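Participant: If you read the sequences in order, they're chains A and B.
According to this note's numbering, the first sequence is numbered sequentially starting from 34.
According to this note's numbering, the second sequence is numbered sequentially starting from 4.
A couple of the hints might just be wrong.
Stated by the list, open to error - Simulated pairs of lysine-lysine, DSS-like, Cα-Cα distance not exceeding 27 Å: (1) 191/B x 159/B; (2) 123/B x 111/A; (3) 159/B x 123/B; (4) 191/B x 123/B; (5) 111/A x 40/A; (6) 191/B x 111/A.
What the hints assert, rightly or not - Beta-carbon label-pair distances, calculated as ranges: (7) 57/A x 211/B: 52 to 60 Å; (8) 89/A x 383/B: 42 to 50 Å; (9) 73/B x 110/A: 22 to 30 Å; (10) 291/B x 89/A: 32 to 40 Å; (11) 56/B x 61/A: 46 to 54 Å; (12) 301/B x 112/A: 31 to 39 Å; (13) 211/B x 61/A: 46 to 54 Å; (14) 59/A x 308/B: 48 to 56 Å; (15) 78/A x 382/B: 52 to 60 Å; (16) 386/B x 60/A: 40 to 48 Å; (17) 59/A x 132/B: 22 to 30 Å.
Simulated from the structure, these hints should not be mistaken for laboratory data.
Note that this is a predicted model, so its numbers are computed, not measured.
No residue lacks a Cβ here, since even glycine has one placed at the ideal position from N, Cα and C.
Now for the letters of each chain:
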Amino acid sequence: MTNDEIKAQVRAFVSRFFRGHELQDDEDLFASGFVNSMFAMQLVQFVESDFGITVESEDLELDNFRSLNAITALVRRKSGASV
Amino acid sequence: MTDPGSSLATADAGLRMAPSPAQEAARAAFAAYVDEHVAPHAGAWDRDARTPREAIERLAATGWLGATIPAEQGGAGMDWVTFGLLNEELGRGCSSLRSLLTVHAMAGYAVTRFGSRVQKERWLPRFARGEAIGAFALSEPNVGSDASAVETTAEKDGDEWLLNGRKTWTTYGQIADVFLLFARAEGKPVAFLVERGAPGLGIQPLGGITGTRASMLAELRLDGCRLPAEARLGGVGFGLGIAVSTLEVGRYSVACGTTGIVRACLDASLAYAAERVQYGVPIGEHQLVQRMLAGMAAGWRAAHWLCMRAGWLRDQADPAAAHETFVAKYFASTAATRAALDAVQIHGANGCSEAYPVERYLRDSRVMEIIEGSTQIQEIAIARGELAVAPSPRSPAP
């Protein structure tokens with residue numbers, strides 16, 4: 034998968050929580066007030082199940098999930114050479 | 004209609020829902036242990052409002068306190084179905100001791116799933132051996148069902164954390180060595196592993212409770228409780244997710260344990276109905292007593308299989324497991340209330356006496372409809388889940 038393909042998949046998932054709002058690639062997802070306290074863990078479950086990666090303890094930082102760009106970078110990093 | 008091949012495949016997958024021979028053997032071992040070491044003593048533990056240290060050490064010696072901890076960390080590495088059977092059997096004997104397994108397994112799960120390498124190495128082998136007991140500290144005086152509203156605060160102080168607040172109804176808080184505890188940092192939920200003895204942590208026993216009286220509840224007082232940086236479990240902002248994920252394990256454990264209460268009510272009632280004679284015949288021959296026995300028997304089977312299905316789905320890492328666990332816990336806990344009420348009724352005046360265990364089952368069953376999500380919270384979660392997957396309504400016929 035290319036970066037753009039990963040980001041498109043991430044955007045499709047995240048957009049379900051931001052109906053009627055056009056998300057920017059580097060927009061802070063947690064600053065918007067659109068999402069609740071469970072959103073962070075829903076993102077973890079999404080990237081694990083849809084990209085087949087394991088999010089480790091050291092990855093459980095909001096900065097890794099703060100924007101579409103950040104999530105894409107995390108998926109790429111955790112996927113290693115397979116992406 | 005599906006083709007014959009796929010029908011056979013479906014039937015075969017259904018048959019695999021039955022416990023394997025290894026799971027059945029494990030259940031037999033759990034049952035024998037409970038019959039010898041747990042059930043005969045549960046009434047005394049309940050009256051004393053404490054679980055003796057020897058009882059916990061004996062359970063630890065079986066290795067079952069490490070049920071959900073991976074084998075490479077020294078745990079039993081049980082599958083979820085086997086863990087469910089362990090909970091059902093322990094719950095049949097003593098809901099307090101089963102609660103110890105629940106909260107200890109929750110702490111172990113959280114460290115296994117979300118812990119750093121250092122946290123795993125520090126806690127998991129000790130959890131597995133039962134040398135350290137873990138507990139779950141979420142509830143607060145003002146916070147019950149709404150776990151997102153915790154008022155306990157965590158502030159950074161250099162590399163350390165300072166915690167302030169109160170936690171209450173902490174099961175086995177009187178003896179736990181470490182608490183999986185939830186707070187807010189800069190308004191965001193965050194989890195910590197708080198060790199007994201941490202500076203600023205006070206532990207007050209709570210007594211006078213209705214059920215699970217031997218579960219050694221405590222209130223935790225965090226007055227400037229100072230924790231090292233490595234006490235944080237996962238990042239700031241992930242606390243609620245960790246809590247909810249861990250509560251799923253607790254809910255499954257409670258569902259299975261509560262199924263054990265239903266079984267205990269059935270066993271006690273069958274024995275009493277066969278022995279107690281009124282109007283010249285054992286009361287089990289009276290049809291209105293039979294109606295209550297039939298309800299218990301059906302309730303136990305249904306609760307048992309709902310739990311087994313939830314456990315089997317967890318073993319398959321099926322996302323449907325969470326919803327099925329809500330269903331299992333909802334059904335089992337409400338079935339336990341009905342079963343315990345009927346068990347007391349069958350026992351008559353004896354059912355209201357400590358000389359028989361059914362009054363304890365009734366008190367314990369009340370607790371089961373409240374913990375790990377009240378009956379009303381389960382109803383909301385189940386209904387929302389069903390609505391989310393409901394088929395679109397068909398257009399009315401012209």
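Participant: It remains to establish, for every hint, whether it holds in the given structure.
Facilitator: Right, here's what the structure says about each hint:
1. Simply put, residue 191/B and residue 159/B have alpha-carbon atoms about 13 Å apart, close enough for the 27 Å limit, and the pair holds.
2. A threshold of 27 Å between alpha carbons decides the hint, and for residue 123/B with residue 111/A the separation of about 21 Å falls inside it, so the pair holds.
3. In summary, the hint linking residue 159/B to residue 123/B is supported, as the alpha carbons are separated by about 23 Å, within the 27 Å threshold.
4. Distance hint between residue 191/B and residue 123/B is fulfilled; the C-alpha atoms sit about 24 Å from each other, no more than 27 Å.
5. Taking the CA atoms of residue 111/A and residue 40/A, the gap is about 15 Å. The hint holds against a cut of 27 Å.
6. For the suggested pair residue 191/B and residue 111/A, the alpha carbons sit about 25 Å apart, so the restraint of at most 27 Å is met.
7. Between residue 57/A and residue 211/B the beta carbon distance is about 56 Å. The supplied range of 52 to 60 Å therefore holds.
8. At roughly 33 Å, the beta-carbon separation of residue 89/A and residue 383/B lies outside the given 42 to 50 Å, and the hint is violated.
9. Judged by the Cβ atoms, the range 22 to 30 Å given for residue 73/B and residue 110/A holds: they are separated by roughly 25 Å.
10. Checked against the given bound of 32 to 40 Å, the beta carbons of residue 291/B and residue 89/A, roughly 59 Å apart, lie outside it.
11. Distance hint check: the CB atoms of residue 56/B and residue 61/A are about 51 Å apart, consistent with the given range 46 to 54 Å.
12. Take residue 301/B and residue 112/A: their Cβ atoms lie about 49 Å apart, and the range 31 to 39 Å is violated.
13. Against the hinted window of 46 to 54 Å, the Cβ-Cβ separation of residue 211/B and residue 61/A comes to about 48 Å, which satisfies the hint.
14. About 50 Å separates the C-beta atoms of residue 59/A and residue 308/B, a value consistent with the hinted range of 48 to 56 Å.
15. For the pair residue 78/A and residue 382/B, the supplied restraint of 52 to 60 Å is violated, since their beta-carbon distance comes to about 24 Å.
16. A C-beta distance of roughly 34 Å is found between residue 386/B and residue 60/A, which places it outside the suggested range of 40 to 48 Å.
17. Hint check: residue 59/A to residue 132/B, Cβ distance near 48 Å, so the stated range 22 to 30 Å is violated.
Hints 8, 10, 12, 15, 16 and 17 from the earlier list are contradicted by this structure; the remaining hints agree with it.
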